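The sequence shown lines up with residues 1 to 94 when you count with the numbering used here.
No wet-lab data here; the hints were simulated from the structure. Quick caveat, the model's predicted, so the values are computed rather than measured. A hint or two may mislead.
[Stated by the list, open to error] SDA-like mimics (lysine to any residue), calculated; alpha carbons at most 25 Å apart, straight line: (1) Lys63 to Met76; (2) Lys63 to Trp50; (3) Lys20 to Val32; (4) Lys20 to Phe7; (5) Lys84 to Lys63; (6) Lys63 to Asp41; (7) Lys84 to Asp73; (8) Lys63 to Asp73; (9) Lys84 to Glu74; (10) Lys20 to Thr6; (11) Lys63 to Asp42; (12) Lys20 to Leu51; (13) Lys20 to Asn8; (14) Lys20 to Met1; (15) Lys84 to Ser71; (16) Lys20 to Arg3; (17) Lys63 to Gln52; (18) Lys20 to Asp41; (19) Lys20 to Ser53; (20) Lys20 to Asn49; (21) Lys63 to Ala39; (22) Lys63 to Ser53; (23) Lys20 to Leu40; (24) Lys20 to Ile37; (25) Lys20 to Leu9; (26) Lys20 to Leu33; (27) Lys20 to Val5; (28) Lys20 to Thr4; (29) Lys63 to Leu75; (30) Lys63 to Asn49; (31) Lys63 to Arg80; (32) Lys20 to Asp30; (33) Lys63 to Leu51; (34) Lys20 to Ala31.
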Amino acid sequence: MSRTVTFNLGDEAIASVQHKVNAGLYPSADAVLEAAILALDDRDTTVANWLQSEGAERHARLKSGTLPTISGDELMSRVRARLKAPNASPKSAA
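Full structure from sequences and hints, please.
Below, the structure written as C-alpha coordinates:
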(Lines of atoms letter the chains of each structure in order from A; the text may use other names.)
(Lines give C-alpha, C1' and ligand atoms only; values in the text may rest on other atoms or scores of the structure.)
Protein backbone atom coordinates (compact mmCIF):
# COMPACT_ATOMS: atom_id res chain seq x y z
CA MET A 1 0.00 0.00 0.00
CA SER A 2 1.30 3.45 -0.77
CA ARG A 3 0.13 6.81 0.42
CA THR A 4 1.09 10.39 -0.22
CA VAL A 5 3.50 12.01 2.23
CA THR A 6 4.87 15.54 1.98
CA PHE A 7 8.30 16.57 3.21
CA ASN A 8 10.99 19.11 2.38
CA LEU A 9 14.35 18.38 0.75
CA GLY A 10 17.31 20.68 0.32
CA ASP A 11 18.32 21.85 -3.14
CA GLU A 12 21.21 19.38 -3.36
CA ALA A 13 18.98 16.40 -2.52
CA ILE A 14 16.35 17.54 -5.03
CA ALA A 15 19.00 17.90 -7.74
CA SER A 16 20.32 14.42 -6.97
CA VAL A 17 16.85 12.87 -7.17
CA GLN A 18 16.09 14.70 -10.42
CA HIS A 19 19.43 13.63 -11.91
CA LYS A 20 18.74 9.97 -11.13
CA VAL A 21 15.29 10.16 -12.72
CA ASN A 22 16.51 12.12 -15.76
CA ALA A 23 19.37 9.65 -16.29
CA GLY A 24 16.84 6.82 -16.41
CA LEU A 25 18.19 5.15 -13.30
CA TYR A 26 14.76 5.28 -11.64
CA PRO A 27 11.29 5.71 -13.09
CA SER A 28 10.26 8.43 -10.63
CA ALA A 29 11.30 10.53 -7.65
CA ASP A 30 9.18 8.22 -5.50
CA ALA A 31 11.29 5.25 -6.61
CA VAL A 32 14.53 7.11 -5.80
CA LEU A 33 13.37 7.98 -2.31
CA GLU A 34 12.02 4.49 -1.65
CA ALA A 35 15.34 2.95 -2.75
CA ALA A 36 17.21 5.43 -0.55
CA ILE A 37 15.12 4.57 2.50
CA LEU A 38 15.54 0.83 1.92
CA ALA A 39 19.30 1.32 1.52
CA LEU A 40 19.43 3.26 4.80
CA ASP A 41 17.46 0.51 6.53
CA ASP A 42 19.91 -2.08 5.18
CA ARG A 43 22.91 -0.01 6.29
CA ASP A 44 21.44 0.53 9.75
CA THR A 45 20.80 -3.20 10.12
CA THR A 46 24.37 -3.99 9.03
CA VAL A 47 25.83 -1.50 11.51
CA ALA A 48 23.61 -2.77 14.33
CA ASN A 49 24.62 -6.37 13.62
CA TRP A 50 28.31 -5.42 13.56
CA LEU A 51 27.99 -3.48 16.82
CA GLN A 52 26.31 -6.45 18.51
CA SER A 53 28.96 -8.91 17.33
CA GLU A 54 32.41 -7.74 16.32
CA GLY A 55 31.98 -4.22 17.66
CA ALA A 56 31.06 -5.47 21.13
CA GLU A 57 34.00 -7.89 21.12
CA ARG A 58 36.44 -5.16 20.06
CA HIS A 59 35.08 -2.79 22.68
CA ALA A 60 35.57 -5.44 25.37
CA ARG A 61 39.15 -6.03 24.16
CA LEU A 62 39.82 -2.30 24.15
CA LYS A 63 38.52 -1.91 27.71
CA SER A 64 40.56 -4.91 28.91
CA GLY A 65 43.74 -3.59 27.30
CA THR A 66 44.15 -6.54 24.94
CA LEU A 67 43.38 -4.57 21.76
CA PRO A 68 46.47 -2.79 20.45
CA THR A 69 46.00 0.96 20.20
CA ILE A 70 48.00 3.89 18.89
CA SER A 71 47.61 7.60 19.45
CA GLY A 72 45.96 9.84 16.88
CA ASP A 73 49.33 11.54 16.29
CA GLU A 74 51.00 8.19 15.61
CA LEU A 75 48.20 7.17 13.24
CA MET A 76 48.50 10.42 11.27
CA SER A 77 52.29 10.03 11.14
CA ARG A 78 51.89 6.55 9.66
CA VAL A 79 49.29 7.72 7.15
CA ARG A 80 51.47 10.64 6.01
CA ALA A 81 54.50 8.37 5.64
CA ARG A 82 52.58 5.87 3.53
CA LEU A 83 51.06 8.57 1.36
CA LYS A 84 54.55 9.91 0.62
CA ALA A 85 55.79 6.43 -0.32
CA PRO A 86 55.92 5.51 -4.02
CA ASN A 87 52.85 3.64 -5.24
CA ALA A 88 50.95 4.54 -2.07
CA SER A 89 47.25 3.78 -2.13
CA PRO A 90 44.53 4.82 0.32
CA LYS A 91 43.84 1.18 1.25
CA SER A 92 47.44 0.67 2.42
CA ALA A 93 47.51 3.92 4.38
CA ALA A 94 46.17 2.63 7.70
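Going through the hints against the structure:
no.: 1; hint: Lys63 to Met76; verdict: holds (23 Å)
no.: 2; hint: Lys63 to Trp50; verdict: holds (18 Å)
no.: 3; hint: Lys20 to Val32; verdict: holds (7 Å)
no.: 4; hint: Lys20 to Phe7; verdict: holds (19 Å)
no.: 5; hint: Lys84 to Lys63; verdict: violated (34 Å)
no.: 6; hint: Lys63 to Asp41; verdict: violated (30 Å)
no.: 7; hint: Lys84 to Asp73; verdict: holds (17 Å)
no.: 8; hint: Lys63 to Asp73; verdict: holds (21 Å)
no.: 9; hint: Lys84 to Glu74; verdict: holds (15 Å)
no.: 10; hint: Lys20 to Thr6; verdict: holds (20 Å)
no.: 11; hint: Lys63 to Asp42; verdict: violated (29 Å)
no.: 12; hint: Lys20 to Leu51; verdict: violated (32 Å)
no.: 13; hint: Lys20 to Asn8; verdict: holds (18 Å)
no.: 14; hint: Lys20 to Met1; verdict: holds (24 Å)
no.: 15; hint: Lys84 to Ser71; verdict: holds (20 Å)
no.: 16; hint: Lys20 to Arg3; verdict: holds (22 Å)
no.: 17; hint: Lys63 to Gln52; verdict: holds (16 Å)
no.: 18; hint: Lys20 to Asp41; verdict: holds (20 Å)
no.: 19; hint: Lys20 to Ser53; verdict: violated (36 Å)
no.: 20; hint: Lys20 to Asn49; verdict: violated (30 Å)
no.: 21; hint: Lys63 to Ala39; verdict: violated (33 Å)
no.: 22; hint: Lys63 to Ser53; verdict: holds (16 Å)
no.: 23; hint: Lys20 to Leu40; verdict: holds (17 Å)
no.: 24; hint: Lys20 to Ile37; verdict: holds (15 Å)
no.: 25; hint: Lys20 to Leu9; verdict: holds (15 Å)
no.: 26; hint: Lys20 to Leu33; verdict: holds (11 Å)
no.: 27; hint: Lys20 to Val5; verdict: holds (20 Å)
no.: 28; hint: Lys20 to Thr4; verdict: holds (21 Å)
no.: 29; hint: Lys63 to Leu75; verdict: holds (20 Å)
no.: 30; hint: Lys63 to Asn49; verdict: holds (20 Å)
no.: 31; hint: Lys63 to Arg80; verdict: violated (28 Å)
no.: 32; hint: Lys20 to Asp30; verdict: holds (11 Å)
no.: 33; hint: Lys63 to Leu51; verdict: holds (15 Å)
no.: 34; hint: Lys20 to Ala31; verdict: holds (10 Å)
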